[in-house]
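K.L.:
Here are the chains, one letter per residue:
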Amino acid sequence: MKVTVKYFASIREAIGVASEQCDTQAPTLGALRDELIAKGGAYAESLARGKAVRLALNQVMCHESAVLVEGAEVAFFPPVTGG
Amino acid sequence: MPACNTPRVSIQTADFDLSAEVAALRAQDPRVGAVCSFIGTVRDRTAGEPGQISSMELEHYPGMTEKSIEAMIDAARQRFDIYGARVIHRVGLLAPLDQIVLVAVSSAHRGESFQACEFLMDYLKTQAPFWKKEKTPNGARWVDARVSDDAALAKWGIALDNTSLDAQD
Numbered sequence: 004m005k006v007t008v009k010y011f012a013s014i015r016e017a018i019g020v021a022s023e024q025c026d027t028q029a030p031t032l033g034a035l036r037d038e039l040i041a042k043g044g045a046y047a048e049s050l051a052r053g054k055a056v057r058l059a060l061n062q063v064m065c066h067e068s069a070v071l072v073e074g075a076e077v078a079f080f081p082p083v084t085g086g
Numbered sequence: 045m046p047a048c049n050t051p052r053v054s055i056q057t058a059d060f061d062l063s064a065e066v067a068a069l070r071a072q073d074p075r076v077g078a079v080c081s082f083i084g085t086v087r088d089r090t091a092g093e094p095g096q097i098s099s100m101e102l103e104h105y106p107g108m109t110e111k112s113i114e115a116m117i118d119a120a121r122q123r124f125d126i127y128g129a130r131v132i133h134r135v136g137l138l139a140p141l142d143q144i145v146l147v148a149v150s151s152a153h154r155g156e157s158f159q160a161c162e163f164l165m166d167y168l169k170t171q172a173p174f175w176k177k178e179k180t181p182n183g184a185r186w187v188d189a190r191v192s193d194d195a196a197l198a199k200w201g202i203a204l205d206n207t208s209l210d211a212q213d
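Protein chains in written order, with our numbering: chain A, 4 to 86; chain B, 45 to 213.
In the SDA-like style, the derived pairs of lysine to any residue whose C-alpha atoms are separated by at most 20 Å in a straight line are:
hint	chain 1	residue 1	chain 2	residue 2
1	A	Lys54	B	Leu204
2	B	Lys199	B	Gly155
3	B	Lys177	A	Glu16
4	A	Lys54	B	Arg190
5	B	Lys111	A	His66
6	A	Lys9	B	Gly136
7	B	Lys111	A	Thr7
8	B	Lys199	A	Gly86
9	A	Lys54	B	Arg185
10	B	Lys179	A	Glu16
11	B	Lys111	A	Asn61
12	A	Lys54	B	Asp205
13	B	Lys111	A	Cys65
14	B	Lys177	A	Gly19
15	A	Lys9	B	Lys177
Far from chain A, by Cβ distances over 12 Å, these chain B residues were calculated:
hint	residue
16	Arg52
17	Glu65
18	Ala78
Note that these hints are calculated values from the structure, not bench results.
C-beta atoms are modelled at their ideal positions from N, C-alpha and C, and glycine is treated no differently.
Next comes chain A alone, as it looks inside the complex (with noise of 0.2 Å):
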């Protein structure tokens, strides 16, 4: 299936793109992050096991057992630090 991902802040600075299309088989965000870490080099870093990474699906905050469905919009950030 097809996904939309968008990374923000520190993540998105490493990776180097703001969002991509990713074609995906994996049924959800954690096993598609652990698809991502799989990439390599600064997906493997910024993703990494142990980082404090925070997940959205569809524009909410969500864990990573949530379910991927097609056409989801998937985003991966640090923690916020806004106000």
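Position chain B against the provided structure of chain A, taking the given hints into account.
P.N.:
Showing chain B alone in chain A's frame:
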């Protein structure tokens, strides 16, 4: 109640005027007996970090930012007996002394406004998708999220962790 054309949430590069925002909030409902507001501003230093901050760049997640703050206001309305709420958050390039964020709430009596205002700020600090990058003479750095902000939200009985490594696993 008079027609209300003022949006509840604005994400903008432009500055805002507290008096105008409070006036708009009060005009929406003549039952209002209390308005509480909070303004966050840019400091020129961060405790424990070297260097004076010359500027700050604020990034956000367009779409999700607005939706998440709207949801926070809905949560505040369920929890507290308030009439109106207004949140403005600036993005882009800001300098020390600049205003960053406004939260203003109206209610019949002061207690609900004070509480709802603090609740909204605590919620926003840990759940709205904004990120700050500070520029100092030592270079630019992304601001770290603070555990104390998670604790502030937890005080309201909401356990949504922003800083931990495995909060969402």
